[in-house]
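Colleague: Fit chain B to the given chain A structure using the hints.
Going down the list, the protein sequences come from chains A and B.
First residue of the first sequence: 1, per full-length UniProt numbering; consecutive thereafter.
First residue of the second sequence: 1, per full-length UniProt numbering; consecutive thereafter.
These aren't lab readings, by the way, just hints derived from the structure by calculation.
You may find that some hints are simply not true.
What the hints assert, rightly or not - List time: in silico SDA-like cross-link candidates among lysine to any residue, alpha-carbon distance up to 20 Å:
id: 1; chain 1: A; residue 1: K165; chain 2: B; residue 2: V113
id: 2; chain 1: A; residue 1: K132; chain 2: B; residue 2: D144
id: 3; chain 1: A; residue 1: K165; chain 2: B; residue 2: W114
id: 4; chain 1: B; residue 1: K132; chain 2: A; residue 2: E141
What the hints assert, rightly or not - Far from chain A by the CB rule (all over 10 Å, computed), these chain B residues:
id: 5; residue: H49
id: 6; residue: D226
id: 7; residue: K246
A virtual CB, placed ideally from N, CA and C, is assigned to each residue, including glycine.
Number of protein chains: 2
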Amino acid sequence: MAVVLPFEPKDPSIETLVRLVKGDMERVNALILSRTGSDVAMIPEVATHLISSGGKRLRPMLTIACAALSDYEGEGHIKLAASVEFMHTATLLHDDVVDESDMRRGKLAARKVWGNEASVLVGDFLLGQAFKMMVEVGILECLDILSTAACTIAEGEVMQLAAAKNTETSEDDYLAVIRGKTAELFAAACEVGAVLNHRPKAEQTACRSFGMNLGIAFQLVDDVLDYGGSQAKLGKNIGDDFREGKITLPVILAFRRGDAQERAFWKEALEQSETSDEQLQKAIALLIKHRALADTLERAQHYGAMARDALALFGPSPVKDALVEAVDFAISRGY
Amino acid sequence: MAVVLPFEPKDPSIETLVRLVKGDMERVNALILSRTGSDVAMIPEVATHLISSGGKRLRPMLTIACAALSDYEGEGHIKLAASVEFMHTATLLHDDVVDESDMRRGKLAARKVWGNEASVLVGDFLLGQAFKMMVEVGILECLDILSTAACTIAEGEVMQLAAAKNTETSEDDYLAVIRGKTAELFAAACEVGAVLNHRPKAEQTACRSFGMNLGIAFQLVDDVLDYGGSQAKLGKNIGDDFREGKITLPVILAFRRGDAQERAFWKEALEQSETSDEQLQKAIALLIKHRALADTLERAQHYGAMARDALALFGPSPVKDALVEAVDFAISRGY
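With the rest of the complex left out, here is chain A (with noise of 0.2 Å):
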């Protein structure tokens, strides 16, 4: 078990990693615009217009990164790494549909200007470039991981799906559904860095498991950034969860921890299709009362360690170093 340490304020940063793994993220998203390539005019221009909306490519920098750690000198680890990022968008693409979005990274979605149809189809066609830059690179071991790690994608998204709008879920059925739907592409993304250069399966495993529990803590933090973090500041995008229904942790304690009135009101609020900027309020007031935000961070702050502890294993490097303030940076956001 990992110890929980309380997070020490401090002004942790994601840009010593984006440093360190730059030139091969050069390479990177060279060959992910070079693949969204078809003939197909279409696909191209859904393509690009969601993966040049600036999104992190936090997943294939932990690619990247792991394969560094792992002294890997080879070139899979490019095609890899823009195999994890067409796996992320395609999967962008298919929950725009799922949860009838409007928009995405600040842009329309794509679905609202080239339809459901396009979403879905230019989401399977990058499915399959992913899985074609893999067998490029051609170690079985890895085109495993990732295969499973769709498998495991899918189930944590229909697990979402029924737990859509019920209030009675668990914490334990909201970990399996954030594992699933998002830790385990981070798990993947960095156990193939570590198989790439054939490492130790203690190395392996502990790549997967940094991933494993950054992606914990990450989407949790998300999830309490949803409603403005731990201060609870309003701003743009605050409560698209709480109008979508969606049950994530803040909720999950709040409504354990309130009375039969509160409860009813969560209820009522998360199976409504239309919610108020009142309920907001309330919801947000109710998440304070009960320190379901700050004990959300809490939980990641857990995540955070186990992350920081799993990569013990390796001598000390830059690159270790890097990753390990990613997870503080990732945690930092919430605050």
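Modeller: Relative to chain A, chain B alone:
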């Protein structure tokens, strides 16, 4: 170039092929059922709804038959055949969302029972399982063929989307669409059967060509059947393509051969969101007037002849005879 032979009426049947592959197909079917399993209950529910609704399983039969044609004696063909069927099932689930279909194989489409979300996500799960099974077989060349097919299928579907309701679509455009959306998976299903046993490149190419041309013929006959076959017999499920505004070869031929007034009719009817029975009757009359159904079947015969000729370099065997008869059967459905 293949020579187009006049179609000789006899009574070809798929039963010879079915009988020859029966033992292996029982194992494929058992594998398909076991691989739809998941702790997430909705996944087997949705998958089984479609998988158990009695598709012909033509594609996996082709993999099994081409493995037999190539004297393969290993076990890999079972998993590859199941992968091919999962890819097909995933495509059907996603197609229903794209086409907003209400029915599939005489049952309510999965999206009408469980929603678009479930159809998208369970399709993704099955695609992931398909790749997992290919990885277990562990032959990179097969993974390459099938992941390339996944991309090409998506490209074909997007092309169809872009061509929807566009009466300017040419016969060549349309052939590109059906090569992608239908024939590519037939081609890949056959090719991997030969690749499994590391047969000479010429035999692999022959199997691929057989599948590709059979797939084109199969789709053209389906297009004719959607208007009731060469006799234009009215029955259930007649006119679905017409109502969805799908541009298929019969329409392309009738449109080009028609006068200005007829073209105006096609334009109006195919661009409408609702069509009447009277419009369908008129469409069928125009298809007959211009021999569009009969000539589409002649085109199908052309591709059928190429499929048969592709198998010429294999010596005589029961499985070769059964594959040739399957081509005849595919075409005879349209008469």
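Colleague: Taking the hints in turn, state whether each one holds.
Modeller: Verification of the hints:
At roughly 18 Å between alpha-carbon atoms, K165/A and V113/B fall within 20 Å of each other, so this suggested pair holds. A C-alpha spacing of about 6 Å is found between K132/A and D144/B, which places the hinted pair at or below 20 Å, so the restraint holds. For the hint pairing K165/A with W114/B, the CA-to-CA distance comes to about 16 Å; that is within 20 Å, so the pair holds. At roughly 11 Å between alpha-carbon atoms, K132/B and E141/A fall within 20 Å of each other, so this suggested pair holds.
Residue placement check: H49/B keeps its beta carbon more than 10 Å from all beta carbons of chain A (closest about 14 Å). Every CB of chain A is more than 10 Å from the CB of D226/B (nearest about 20 Å), matching its label as outside the interface. The beta carbon of K246/B sits about 13 Å from the closest Cβ of chain A, which is more than 10 Å, so the claim that it is off the interface holds.
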